[in-house]
Amino acid sequence: MSKAALKVRLTREHCRTLLHQMLRVRRFEEKCAELYTQEKIRGFLHLYIGQEAVATGVMQALGPEDAVVATYREHGHALLKGVSAEAIMAEMYGKQEGCSRGRGGSMHLFDARTRFYGGNAIVAGGLPIAVGLALADKLAGRQRVTACFFGEGAAAEGEFHESLNLAALWRLPVLFVCENNLYAMGTALDLSESETSIAAKAACYRIGSETVDGMDVVAVEVAARRAIAALQEAGAPQFLECRTYRFRAHSMYDPQLYRTKDEVEQWKERGPIKRFQEWALASGELHANDVHEIEKEVALEVAQAVAVAEAGTWEPVEHLLRHVGAEQRI
Amino acid sequence: MTQVSYREAVRGAIRMAMQADERVFLMGEDVGHYGGCYAVSQGLLDEFGPERIRDTPLSESAFTGAGIGAALGGMRPIVEVMTCNFSLLSIDQIMNNAATIRHMSGGQFTVPVVIRMATGGGRQLAAQHSHSLEGWYAHIPGIRVLAPATVEDAAGMLAPALDDPDPVLIFENALLYNDTADVDDAVAVDIDHAVIRREGSDISLITYGGSLGKTLAAAEELAAQDISAEVLDLRILRPLDEAAILATVSKTQRCVIVDEGWRSGSLAAEIMARIIEHAFWTLDAPLARVCSEEVPVPYARHLEEAALPSTEKIVAAALAVLGR
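Line by line, the protein sequences are chains A and B.
In this text, residue positions in the first sequence follow the UniProt record's numbering: the first is 1, and each later residue adds one.
In this text, residue positions in the second sequence follow the UniProt record's numbering: the first is 1, and each later residue adds one.
Note that these hints are calculated values from the structure, not bench results.
The C-beta atom is built at its ideal place from N, Cα and C for all residues, glycine as well.
Worth double-checking, as some hints may not be accurate.
Among chain B residues calculated to face chain A with C-beta under 8 Å, some are [to be verified]: (1) F48; (2) L72; (3) G73; (4) P141; (5) A269; (6) A273.
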């Protein structure tokens, strides 16, 4: 843990929270992978395994009124924003109890109650939406933040640049969070970017930018809290580049021909959960029994989610055309 | 009743909407300090200030997406895209977000954004400023597509478009901005139904937007030859008012469709298909259509005129359908 990290109030309770949240995402997704092989979950399934520290750390700095916009690798973001594991799992199954009533699936989780605005499967497609949500807050005089998560692949899209420019120009309260996992699907960062520092690109737009170790949940939390404070102080967007790595394939269809097993194994050694758990145990913040209890709680939550998804019902086909337009126009 | 131009009618509609609802704001390229590329928003910056008459960078995708996000956030944005040719830079946001978020979210989120853009050729602006792409947008479920062809519609369509809980695209044909008419300030326009602009009994001429004037002129010429043409203005390109289309065709039993889009895969093709599906047995003659020629719209005046629908082409098509 870095010195700066230790400045956070790493109480036993807080350590427990961080580990609990990361494990919720990890175990939920491990279950998803298993259910995918059983063909309970179909379509594309993009797992976040390895990147849990990013969403967990950033979400610590957000309040319930803040909005989140995410990508197609968003199960963790949805869970951590407060969407129930049951509603997410039911959505993966395509059941009408799902958080998008079975219309969205893995890539399009939405939840109005928690202000979770997707679930966008067009790379960089969510950035302008986040800018607009922040613009609405600014015009309405509301003190809220919109956090926008996206991968480093988005930095090659025009919308990334257009959106950063707009947010900076109009001084909008957007926290841009680049989850730089080094591969845009299977294309390595140095094969897709002439400038491999994504934070440097953001800085070009005069946006306060920081690069952080995305495998260190405390470092991410500290950076996110600092960024939100700066955002509120300056009344302008902030940018976090979190250097991270996904341990699993891009999607369940990906044979991973573009990277070596050794590389993956090396990153796993630095895994966010392994690293934090080992540190917390070694420093005495958490005991083995705490970890055991957390695992039990998480297992229960995941099992309950699967049970709800299994017991869920199919939307009647007669409802196919629902939710294309308003049923009753005002 | 006051004499106003189509341009002034749109401006008046924006002003009224902004006075009526704090959540309404206008954003787009040059809408503020320049006064709007077609001078639609001239003067509004002074009246409402830069927060609500918001100049954007040349970033169609981002500001259209920002309009979508602002609508999700509870505002009622009017996004102006200078011409529909440029809207191709924002079609991802329109298609993948505006039109789909309601469905993908299982009805939780709605996107009450209004996106206005100019369309159409006829001003020697060459291919990249002259195309008519409204038919492409009319292909997309989840959005409403309007084509005001008259000053009255230009004045009256914006308010119901802003009231609509779903995304609404308004295509303003650039040749119409200088048209003038007497319009009642409090006009309310129905954005669900097509309208018959001229009654007739021998043949139906179905059209919309910038082609309405040419089509009405064609109906006049046909009248001089003792042919009574009915002119149906679609007004709403999605969802199509199928009942109105079938009613006029069933009445006259002959039909020409006039559409400034290209022929292949055009809105005219869709209308023909629906007539064949539902009113085939009422027809006395094969259907015909007048569309733009299948060429990027050229610069030279004589070539451009030859590419676009014209009154002469409409008259000729009608006479052919009538076997005259």
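Hint-by-hint comparison with the structure:
no. : hint : result
1   : F48  : violated, 12 Å
2   : L72  : holds, 6 Å
3   : G73  : holds, 3 Å
4   : P141 : holds, 5 Å
5   : A269 : violated, 22 Å
6   : A273 : violated, 20 Å
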